[in-house]
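Listed here are the chains, written in short residue letters.
2 protein chains.
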Amino acid sequence: MTKLATPAAAPSPAPPSRPAVESVIATLTQEFGNLVVTAAATREQHGNTASWLESEPPDAVVFPQCTADVQKIVLTCAAAGVPIVPFGTGTSLEGQVNAPLGGICVDTRDMNKVLAVHAEDLDVVVEPGVTRKQLNEYLRDQGLFFPLDPGADAALGGMAATRCSGTNAVRYGTMKDVTLALKVVLANGEVLTTARRAKKSAAGYDLTRLFVGSEGTLGIITELTLKLHGIPEAIAGGVCPFPSVEAACNAVISTIQIGIPVARIELLDALQVKAVNAYSRLSLPEVPLLFVEFHGSEASVAEQSAHFGEIAREFGGGPFDWATRAEDRTRLWQARHDAYWAAGALRRGTKSVASDVCVPISRLAECVVATQEDIAASNLVAPIVGHVGDGNFHLGLLVDMNDHDEVVRAKALLERLVERALAMDGTCTGEHGVGQGKMKYLEAELGAPALAAMAAVKAALDPAGIMNPGKIIACR
Amino acid sequence: MTKLATPAAAPSPAPPSRPAVESVIATLTQEFGNLVVTAAATREQHGNTASWLESEPPDAVVFPQCTADVQKIVLTCAAAGVPIVPFGTGTSLEGQVNAPLGGICVDTRDMNKVLAVHAEDLDVVVEPGVTRKQLNEYLRDQGLFFPLDPGADAALGGMAATRCSGTNAVRYGTMKDVTLALKVVLANGEVLTTARRAKKSAAGYDLTRLFVGSEGTLGIITELTLKLHGIPEAIAGGVCPFPSVEAACNAVISTIQIGIPVARIELLDALQVKAVNAYSRLSLPEVPLLFVEFHGSEASVAEQSAHFGEIAREFGGGPFDWATRAEDRTRLWQARHDAYWAAGALRRGTKSVASDVCVPISRLAECVVATQEDIAASNLVAPIVGHVGDGNFHLGLLVDMNDHDEVVRAKALLERLVERALAMDGTCTGEHGVGQGKMKYLEAELGAPALAAMAAVKAALDPAGIMNPGKIIACR
Chain G
1 MTKLATPAAA PSPAPPSRPA VESVIATLTQ EFGNLVVTAA ATREQHGNTA
51 SWLESEPPDA VVFPQCTADV QKIVLTCAAA GVPIVPFGTG TSLEGQVNAP
101 LGGICVDTRD MNKVLAVHAE DLDVVVEPGV TRKQLNEYLR DQGLFFPLDP
151 GADAALGGMA ATRCSGTNAV RYGTMKDVTL ALKVVLANGE VLTTARRAKK
201 SAAGYDLTRL FVGSEGTLGI ITELTLKLHG IPEAIAGGVC PFPSVEAACN
251 AVISTIQIGI PVARIELLDA LQVKAVNAYS RLSLPEVPLL FVEFHGSEAS
301 VAEQSAHFGE IAREFGGGPF DWATRAEDRT RLWQARHDAY WAAGALRRGT
351 KSVASDVCVP ISRLAECVVA TQEDIAASNL VAPIVGHVGD GNFHLGLLVD
401 MNDHDEVVRA KALLERLVER ALAMDGTCTG EHGVGQGKMK YLEAELGAPA
451 LAAMAAVKAA LDPAGIMNPG KIIACR
Chain H
1 MTKLATPAAA PSPAPPSRPA VESVIATLTQ EFGNLVVTAA ATREQHGNTA
51 SWLESEPPDA VVFPQCTADV QKIVLTCAAA GVPIVPFGTG TSLEGQVNAP
101 LGGICVDTRD MNKVLAVHAE DLDVVVEPGV TRKQLNEYLR DQGLFFPLDP
151 GADAALGGMA ATRCSGTNAV RYGTMKDVTL ALKVVLANGE VLTTARRAKK
201 SAAGYDLTRL FVGSEGTLGI ITELTLKLHG IPEAIAGGVC PFPSVEAACN
251 AVISTIQIGI PVARIELLDA LQVKAVNAYS RLSLPEVPLL FVEFHGSEAS
301 VAEQSAHFGE IAREFGGGPF DWATRAEDRT RLWQARHDAY WAAGALRRGT
351 KSVASDVCVP ISRLAECVVA TQEDIAASNL VAPIVGHVGD GNFHLGLLVD
401 MNDHDEVVRA KALLERLVER ALAMDGTCTG EHGVGQGKMK YLEAELGAPA
451 LAAMAAVKAA LDPAGIMNPG KIIACR
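Chains as they are written, first to last, in UniProt numbering: chain G, 1 to 476; chain H, 1 to 476.
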């Protein structure tokens with residue numbers, strides 16, 4: 001296994017002077033009144049709260065109501081060289097919302113309108129603060145849905161910014177696939193539109209996908225046009241037990257290879273199942289499980305379910321009990337989504353640290369098994385859940401932060417997790433993004449020319465380095 | 001309908017001096033011997049031959065054998081400020097391979113090896129000169145296929161560079177969706193790898209999709225990792241007649257909305273059917289037709305076909321005769337792919353000019369009908385074919401180039417085609433790309449900030465403007 005080179009310290013722009021920050025806050029307050037908040041509690045809620053990265057709150061939080069407000073904020077900050085950190089729901093997991101140099105957090109909470117539903121075109125135009133659940137509530141009586149589901153009820157702007165995916169991505173793709181167009185406020189205050197509403201285009205560089213996954217480092221997303229799907233005529237799903245993680249992974253590989261259009265296929269290892277049983281009062285068998293869901297016509301979901309059941313049997317799994325009753329499915333998927341909280345409850349008083357990698361699916365079983373062995377050898381507690389149809393899995397490390405030795409072992413485990421994924425031609429993050437937490441792995445993953453290209457693009461679109469500095473790549 | 005603003009003349013870098021070009025050719029000849037060709041016939045084959053844009057041949061053509069060769073060529077040209085034009089099979093339709101400033105054409109014909117098939121991961125690593133048919137021949141006995149099918153047997157490097165799509169895109173996506181990773185030689189001679197082989201990643205800016213569709217203006221693709229699919233268990237398809245183009249389009253809209261996972265759904269207007277009958281010796285009814293194909297299990301293609309037949313009936317179409325016999329389908333699709341040649345044969349001695357636009361599918365019927373009316377009012381001959389499941393359609397204008405008035409009317413028609421598509425929130429090109437032919441429409445489509453962002457990215461990655469200058473956006 002290749003050792004990662006020690007990453008060079010990331011040079012960052014200098015923090016702004018205190019008078020510059022004060023002056024920006026005064027100007028914004030004049031413009032936006034009590035929509036500018038400097039109270040400590042609010043600032044702390046807008047630092048990183050979802051990981052063990054140190055929280056670095058902004059100097060102030062401002063709540064724009066529209067794109068023009070965002071432009072004013074950006075122009076004010078740009079004039080003073082004060083950093084800007086965009087904020088959706090703060091559920092990102094790698095410190096994307098931290099403000100290492102201070103500056104102004106732009107919370108899009110109030111930009112939460114669904115602007116247009118084009119039912120015939122299966123698309124919707126939304127403001128960035130609309131959350132995925134809010135959107136699906138809005139769409140339900142039109143028979144439409146937005147498929148991406150990262151667990152948290154994240155804001156769609158943040159989901160685009162972090163190239164989110166989640167449980168349905170194996171069937172419906174990630175945010176890069178479902179985003180048709182974006183409106184973005186650039187570092188110079190201009191509003192850029194990335195694309196028209198046509199389903200495909202070959203008209204120039206793919207600006208849409210340049211901004212998807214850029215984590216606010218190239219601009220602030222103020223409007224999204226997203227693809228929708230019709231609510232499937234039928235949904236079937238269930239839980240399938242396996243004798244080993246390896247058997248479960250191999251069943252997944254076969255399912256994908258044969259081309260069953262599975263909508264979700266999620267692995268929970270035995271420890272995660274134990275946690276889910278305790279937390280969600282279920283009595284699932286405490287062995288590796290696949291949670292599986294199929295979308296289609298009544299006939300097709302029955303056919304898919306039967307076919308999957310046969311595959312599971314080939315690998316010693318099963319029985320695969322599937323149902324089309326919504327209440328059964330809802331209970332299961334709620335339990336799956338509560339996996340993070342359930343894991344936390346396994347070991348009270350610990351910090352729950354989520355990290356993800358993604359590998360080519362042929363290496364998935366090997367990668368998960370080696371990781372489980374590594375967890376055991378490290379004397380750590382870390383249930384595994386995974387969007388295994390994409391080769392993507394998560395550790396939910398439970399760390400006693402008062403035990404220095406355990407913290408050291410946990411950090412070393414996460415380093416080896418990434419090294420293992422890279423050695424298998426995988427990526428250091430399938431869906432959580434880079435933020436601050438994974439910057440040090442990017443060069444090992446992609447090489448110096450790719451990083452230099454990213455830095456050149458960043459410098460081209462944000463020459464002063466004010467947009468979410470200290471994330472993804474070092475600013476110059 | 002919004003009139004397009006007259007586009008500003010695109011500033012271009014100055015052409016290189018003749019001695020600079022001579023010196024580059026001498027250096028390359030020393031390195032590559034008779035793989036450097038300056039014969040007029042070869043140069044002319046490497047200018048634009050597929051449209052009515054004037055052909056602008058390069059000063060020399062060189063045939064690299066590997067990535068290191070491409071690096072040497074780029075470094076040699078960069079040192080002398082001589083332009084580089086990448087070349088696949090020369091089937092692009094908007095002048096992408098023209099050399100308006102002269103320079104060196106890099107023909108990847110000999111880089112045609114399939115480097116690795118990862119059957120378990122459903123991906124393949126290829127050199128850029130591999131064509132799609134060559135790849136599918138190679139894959140067939142492993143039960144795998146590469147779905148994208150633009151008609152021409154294009155090289156995969158060129159297909160990625162132009163963000164190609166074609167008949168299967170409605171089901172399998174475009175090159176942006178099926179490209180996992182690229183190796184690219186940059187303007188500074190460095191080799192950049194855009195991504196690992198994991199099926200998804202959130203590790204930094206999406207360099208893969210930055211290069212897909214960049215038409216050689218940011219670098220030369222020297223290796224591609226592409227997603228594959230298992231050859232479907234069953235394929236069904238057939239032809240369905242409709243009383244009007246509008247009825248056909250409305251049936252398409254319903255099919256997509258209901259979520260039938262149609263693999264191909266292609267419109268031929270009555271004139272195109274007439275051309276196909278004559279050219280391919282078929283006896284299809286000379287009315288608007290949809291060519292439709294379904295992929296899946298035996299049961300699912302039967303279900304899909306029956307469901308589509310019902311939809312067609314609702315709109316006065318049908319009967320929809322579908323078959324699963326490969327020979328019937330092959331004959332039909334060959335005829336569909338020969339549509340370009342068939343159209344040309346409608347009016348001997350004319351130039352066949354293909355242009356495409358793409359609109360939100362709800363506007364498709366309106367856009368196609370208005371375009372047909374415009375063709376008639378302009379006294380022109382232009383059959384229409386379309387990848388209508390994506391809202392994308394093509395005119396095959398047949399122009400007597402000796403008739404000045406007709407040429408003027410034809411050019412005006414194509415301008416109005418783009419204006420019409422833009423007025424419907426569509427794009428000036430769904431799949432042919434920008435090249436030289438559609439540069440003038442980009443600002444009207446995307447706005448000045450988007451063009452400025454593209455220009456900034458171009459300048460960041462190719463500061464001297466040597467990579468395929470005069471395409472997509474003006475170099476600085």
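Among the hints, erroneous ones may be present.
[Claimed, not checked] As a list, the in silico BS3-like pairs of lysine-lysine whose alpha-carbon atoms are at most 30 Å apart:
{"hint": "1", "chain 1": "G", "residue 1": "Lys274", "chain 2": "G", "residue 2": "Lys72"}
{"hint": "2", "chain 1": "G", "residue 1": "Lys351", "chain 2": "G", "residue 2": "Lys227"}
{"hint": "3", "chain 1": "G", "residue 1": "Lys227", "chain 2": "G", "residue 2": "Lys274"}
{"hint": "4", "chain 1": "G", "residue 1": "Lys227", "chain 2": "H", "residue 2": "Lys411"}
{"hint": "5", "chain 1": "G", "residue 1": "Lys274", "chain 2": "G", "residue 2": "Lys113"}
{"hint": "6", "chain 1": "G", "residue 1": "Lys72", "chain 2": "G", "residue 2": "Lys113"}
{"hint": "7", "chain 1": "G", "residue 1": "Lys440", "chain 2": "H", "residue 2": "Lys440"}
{"hint": "8", "chain 1": "G", "residue 1": "Lys227", "chain 2": "H", "residue 2": "Lys440"}
{"hint": "9", "chain 1": "H", "residue 1": "Lys274", "chain 2": "H", "residue 2": "Lys440"}
[As the list claims (entries may be wrong)] Far from chain G by the CB rule (all over 10 Å, computed), these chain H residues:
{"hint": "10", "residue": "Pro100"}
{"hint": "11", "residue": "Leu122"}
{"hint": "12", "residue": "Val212"}
{"hint": "13", "residue": "Ala326"}
{"hint": "14", "residue": "Asp403"}
{"hint": "15", "residue": "Glu431"}
[Claimed, not checked] Covered stretches of chain H, going by a simulated chain G footprint (3 or more residues, C-beta under 8 Å):
{"hint": "16", "stretch": "102–111"}
{"hint": "17", "stretch": "161–175"}
{"hint": "18", "stretch": "434–448"}
Note that these hints are calculated values from the structure, not bench results.
The beta-carbon is built from N, C-alpha and C at its ideal position, and this holds for glycine as well.
Status of each hint after checking the structure:
The suggested pairing of Lys274 (chain G) with Lys72 (chain G) is violated, with an alpha-carbon distance near 51 Å, which exceeds 30 Å. Pair hint Lys351 (chain G) plus Lys227 (chain G) does not hold up; C-alpha atoms about 37 Å apart against a cutoff of 30 Å. For the proposed pair Lys227 (chain G) and Lys274 (chain G), the alpha carbon gap of about 37 Å is over 30 Å, so the pair is violated. Taking the CA atoms of Lys227 (chain G) and Lys411 (chain H), the gap is about 34 Å. The hint is violated against a cut of 30 Å.
A threshold of 30 Å between alpha carbons decides the hint, and for Lys274 (chain G) with Lys113 (chain G) the separation of about 40 Å lies outside it, so the pair is violated. In summary, the hint linking Lys72 (chain G) to Lys113 (chain G) is supported, as the alpha carbons are separated by about 20 Å, within the 30 Å threshold. With a CA separation close to 42 Å, the supplied pair Lys440 (chain G) and Lys440 (chain H) exceeds the 30 Å bound. Proposed proximity of Lys227 (chain G) and Lys440 (chain H) is supported: the alpha carbons are some 28 Å apart, at most 30 Å.
Distance check on the hinted pair: Lys274 (chain H) and Lys440 (chain H) sit about 34 Å apart at the alpha-carbon level, beyond 30 Å; violated. Remark: the non-interface label on Pro100 (chain H) is consistent with the geometry, its nearest Cβ contact in chain G lying 18 Å away (cut-off 10 Å). Not every beta carbon of chain G lies more than 10 Å from that of Leu122 (chain H), the smallest distance being close to 7 Å; the non-interface claim is violated. For Val212 (chain H), the condition that its CB be more than 10 Å from all CB atoms of chain G is violated, with the nearest at approximately 7 Å.
Residue-level check passed: Ala326 (chain H) sits 18 Å from the nearest beta carbon of chain G, beyond 10 Å. Non-interface call for Asp403 (chain H) relative to chain G: holds, since the shortest CB-CB distance, roughly 30 Å, exceeds 10 Å. The non-interface label for Glu431 (chain H) is inconsistent with chain G: the shortest C-beta to C-beta separation is roughly 5 Å, within 10 Å. Note: the stretch 102–111 of chain H has 0 residues with beta-carbon separation from chain G under 8 Å; the three-residue rule is not met and the coverage is violated.
Only when three residues or more bring their CB closer than 8 Å to a CB of chain G does the claim for the stretch 161–175 of chain H stand; here the count is 7, and the claim holds. Judged by the Cβ-Cβ criterion of 8 Å, the stretch 434–448 of chain H is covered by chain G as claimed, because 7 of its residues qualify and three suffice.
When the structure is compared with the earlier hints, violations turn up for hints 1, 2, 3, 4, 5, 7, 9, 11, 12, 15 and 16 and for no others.
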